[in-house]
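One line per chain: the protein sequences are A, B, C and D, in this order. Under our numbering, residues 1 to 137 are what the first sequence spells out, in order. Under our numbering, residues 138 to 274 are what the second sequence spells out, in order. Under our numbering, residues 275 to 411 are what the third sequence spells out, in order. Under our numbering, residues 412 to 548 are what the fourth sequence spells out, in order.
Be careful, since some hints might not be right.
Once the Cα atoms are required to be at most 30 Å apart in a straight line, the calculated DSS-like pairs of lysine-lysine come out as [to be verified]: (1) A:K7 / D:K519; (2) D:K519 / D:K491; (3) A:K7 / C:K348; (4) D:K545 / B:K144; (5) B:K211 / D:K485; (6) A:K4 / C:K348; (7) D:K475 / A:K80; (8) A:K108 / D:K475; (9) B:K245 / C:K348; (10) C:K408 / B:K144; (11) A:K132 / D:K491; (12) D:K475 / A:K88.
Bear in mind the hints are in silico, worked out from the structure with no lab data behind them.
There are 4 protein chains.
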Amino acid sequence: MELKIEKDIEIRFSEVDSMGVVWHGAYSLYLEDAREAFGAVYGLTYANYVAQGCYAPIVDMQIKYRQPLRHSSKVKIIAKFVPAEAAKIIFEYEIRDRETDALYSTGKTIQVFMDLNYQLIWQNPDWFIEWKNKWQQ
Amino acid sequence: MELKIEKDIEIRFSEVDSMGVVWHGAYSLYLEDAREAFGAVYGLTYANYVAQGCYAPIVDMQIKYRQPLRHSSKVKIIAKFVPAEAAKIIFEYEIRDRETDALYSTGKTIQVFMDLNYQLIWQNPDWFIEWKNKWQQ
Amino acid sequence: MELKIEKDIEIRFSEVDSMGVVWHGAYSLYLEDAREAFGAVYGLTYANYVAQGCYAPIVDMQIKYRQPLRHSSKVKIIAKFVPAEAAKIIFEYEIRDRETDALYSTGKTIQVFMDLNYQLIWQNPDWFIEWKNKWQQ
Amino acid sequence: MELKIEKDIEIRFSEVDSMGVVWHGAYSLYLEDAREAFGAVYGLTYANYVAQGCYAPIVDMQIKYRQPLRHSSKVKIIAKFVPAEAAKIIFEYEIRDRETDALYSTGKTIQVFMDLNYQLIWQNPDWFIEWKNKWQQ
Chain A
1 MELKIEKDIE IRFSEVDSMG VVWHGAYSLY LEDAREAFGA VYGLTYANYV
51 AQGCYAPIVD MQIKYRQPLR HSSKVKIIAK FVPAEAAKII FEYEIRDRET
101 DALYSTGKTI QVFMDLNYQL IWQNPDWFIE WKNKWQQ
Chain B
138 MELKIEKDIE IRFSEVDSMG VVWHGAYSLY LEDAREAFGA VYGLTYANYV
188 AQGCYAPIVD MQIKYRQPLR HSSKVKIIAK FVPAEAAKII FEYEIRDRET
238 DALYSTGKTI QVFMDLNYQL IWQNPDWFIE WKNKWQQ
Chain C
275 MELKIEKDIE IRFSEVDSMG VVWHGAYSLY LEDAREAFGA VYGLTYANYV
325 AQGCYAPIVD MQIKYRQPLR HSSKVKIIAK FVPAEAAKII FEYEIRDRET
375 DALYSTGKTI QVFMDLNYQL IWQNPDWFIE WKNKWQQ
Chain D
412 MELKIEKDIE IRFSEVDSMG VVWHGAYSLY LEDAREAFGA VYGLTYANYV
462 AQGCYAPIVD MQIKYRQPLR HSSKVKIIAK FVPAEAAKII FEYEIRDRET
512 DALYSTGKTI QVFMDLNYQL IWQNPDWFIE WKNKWQQ
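Use the sequences and the hints to build the structure in full.
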C-alpha cells in the first residue's frame, strides 16, 4: 500500500519575489504543509512525536525547481512516504498543476529521531515499528 | 537618560515582493532585530525574561509606512524605550536613511509580562523595577 | 451592505515560535490571506490593481494580540471593508475561534493608491468609485 | 584561485521553532545571505544579472543538517563558488561555529540562466565567460 496525500497549495503574495515567481525558499513551507497533511491523515504529526518522547528533525532536504510558480498558479503538492529500514522518515514530493498535472517541482526530505535532549535515536522506536506495521502491509 | 539603539538593516532579497519593494510584513523582523539589539546592550532579552520566569509577548504592534524600502536601500532602525508606569515594555521605532536621515517608516510595540503558563502579570516584576531604576535615572 | 469575508486560518508549524505560540509577525500573513480572500470574492486583488495601473501598498498596519494562538488552534479570520471618503482602502480584522467565537486578535490596515512609479494618487480612481458604487449601496 | 566568502549569521528569534532550534526552512535565508555577500565581493548580484538581461534562478538546493542551531549559536556561513563547464552557477556552503569551527550544516545550490521571459539560456553568456576568466585563472 502506497502511503501518500495530495494537498492544494495556496500561493501567498508574500511568497512571490521581485522576479515575479515564488521565492525558492518558500517551497520549504509547501513541503512542510504536505508533511502536516500527511501526518493528519496517517497519525504522524509533531504532536505525535513529542507524545512519544522524541523529535523528528529534518536532516536532509533537497528541492528541484523545474518550472517557476507564480501567484496565479493553481498547483497541488503530493507527499509520498518512502519505506526504509533505517530509523528514518523519508518523504518524496511533487508539485503539480491541478488541471494539467504538469510537474513544477520535486523534493525529498529525510528525518531522524532524536530524544527531547536532541540526542540521536539510532534504532527505530517501538511505536514507529508499530506504525509501519499498521500501514505498510 | 534616553535609552535607545541604532542598528543597520540588511534587506534580504526574499523580503522584497513582486512590486519591487520590501513586503510590509517583513518590517516585523526589523523591529524585532532592533529589540534584540536593544536587549543585547541593555540586558533585556528573551533569555533574560525566561531566566526571570516570564515571557514578554507583544500585545500591540503598529507600523506606519511612509516611503517604500527597496533591496538597494541603505537604512538603519532606531529603537527607543518609552518609560511607562504600567507593567508594560513600550518601544518606538524609526527606519531612516543611513546617509540622508530621511524617514521611511515608524513603529511602536507594546509588550506585557506573562508567567510561563501564559497568565498575565499585572504588576511590574521586581527585577524589571530594578532594571528601570538602574537605567532610567 | 456590509462587505466582509471569513476564512479559516491554517497555522503552520514554522509560524510557531520558541515560546510555543504563533510568532506575532506571522499575523501579517493572516491579514494578507484575508485580504486576498476578500479580493477574490469582491474583485479587489493585486492583479486588479495592476490592471488599473496602480498599486495599493499598505501604509498603516495595527495588530492587537489578546490571546496567543497555538499550533493546535482552530481559528478563522474575518476581514471587513471599512467605507471611507478618502482615497484609501481600509480593512478591519478579527481572529476568532471557529467553535466558541472567542476573540484572539484584532487588526486594521490602511492602503493607498500609487501609480506604477510609486507616486501617490490623491483622488479616488474612477474604477474604485465604480467599485464602491457597485458594492456599497 | 578559490572564490569564497565568509559571513556571520545573526539568528533571528523568529527563525527558532517550537522545538527551540532554528527551523530548517530558515537555512534558505542563510544560503541566500551568503550568495549576496559573495555577489557583493565578486560582482555577481541579482542586480548584475538583470543588468545583463537575465535571471539566475535556483533550480536545485540541497541542505544537510548535522547539528541544530539555536538562538544563542554563534556561527558563520562559508560560500564557495564551484567551477563548472555548463551554463550554471554552483555554490557549496558550510555553516560553522565561529570559535570552534565545528560543522553544523552543509548545502549546495545550482542556478541556471534564464532570459527575462523565463526561457532557459543554454550557453554560458559572454559576460559570465568574462567573469570566469577574470576570477578563475
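- Query: Does the structure keep K211 of chain B and K485 of chain D at a Cα separation of 30 Å or less?
  - Reply: 25 Å, holds
- Message: Would the hint linking K108 of chain A and K475 of chain D be met if the CA-CA limit is 30 Å?
- Response: 12 Å, holds
- Quickly compare the C-alpha distance for K475 of chain D and K88 of chain A to 30 Å and report which way the hint goes. Between K475 of chain D and K88 of chain A the Cα gap is close to 14 Å, so the pair holds against 30 Å.
- Message: Please verify whether K475 of chain D and K80 of chain A have alpha carbons no more than 30 Å apart.
- Response: 20 Å, holds
- Message: Does K348 of chain C sit within 30 Å of K4 of chain A, going by the straight-line distance between their CA atoms?
- Response: 24 Å, holds
- Can the restraint linking K7 of chain A and K348 of chain C be considered satisfied, given a maximum Cα separation of 30 Å? Distance of about 19 Å is within 30 Å: holds.
- Query: Within 30 Å, alpha carbon to alpha carbon, are K245 of chain B and K348 of chain C?
  - Reply: Roughly 29 Å between the alpha carbons, so the hint for K245 of chain B and K348 of chain C holds.
- Does K144 of chain B lie within 30 Å of K408 of chain C when you go C-alpha to C-alpha? 48 Å, violated
- Query: Within a Cα-Cα threshold of 30 Å, do K545 of chain D and K144 of chain B meet the stated pairing?
  - Reply: 36 Å, violated
- Under the criterion that the straight-line Cα-Cα distance not exceed 30 Å, is the pair K519 of chain D, K491 of chain D satisfied? Judged against 30 Å, a Cα distance of about 9 Å means the pair holds.
- Query: Hey, K7 of chain A versus K519 of chain D, does the alpha-carbon distance stay inside 30 Å?
  - Reply: 28 Å, holds
- Item | Distance restraint between K132 of chain A and K491 of chain D, which requires alpha-carbon spacing of 30 Å or less | Answer violated: K132 of chain A to K491 of chain D is near 41 Å, above 30 Å.
Consistency with the previously given hints fails for numbers 4, 10 and 11, ordered from lowest to highest.
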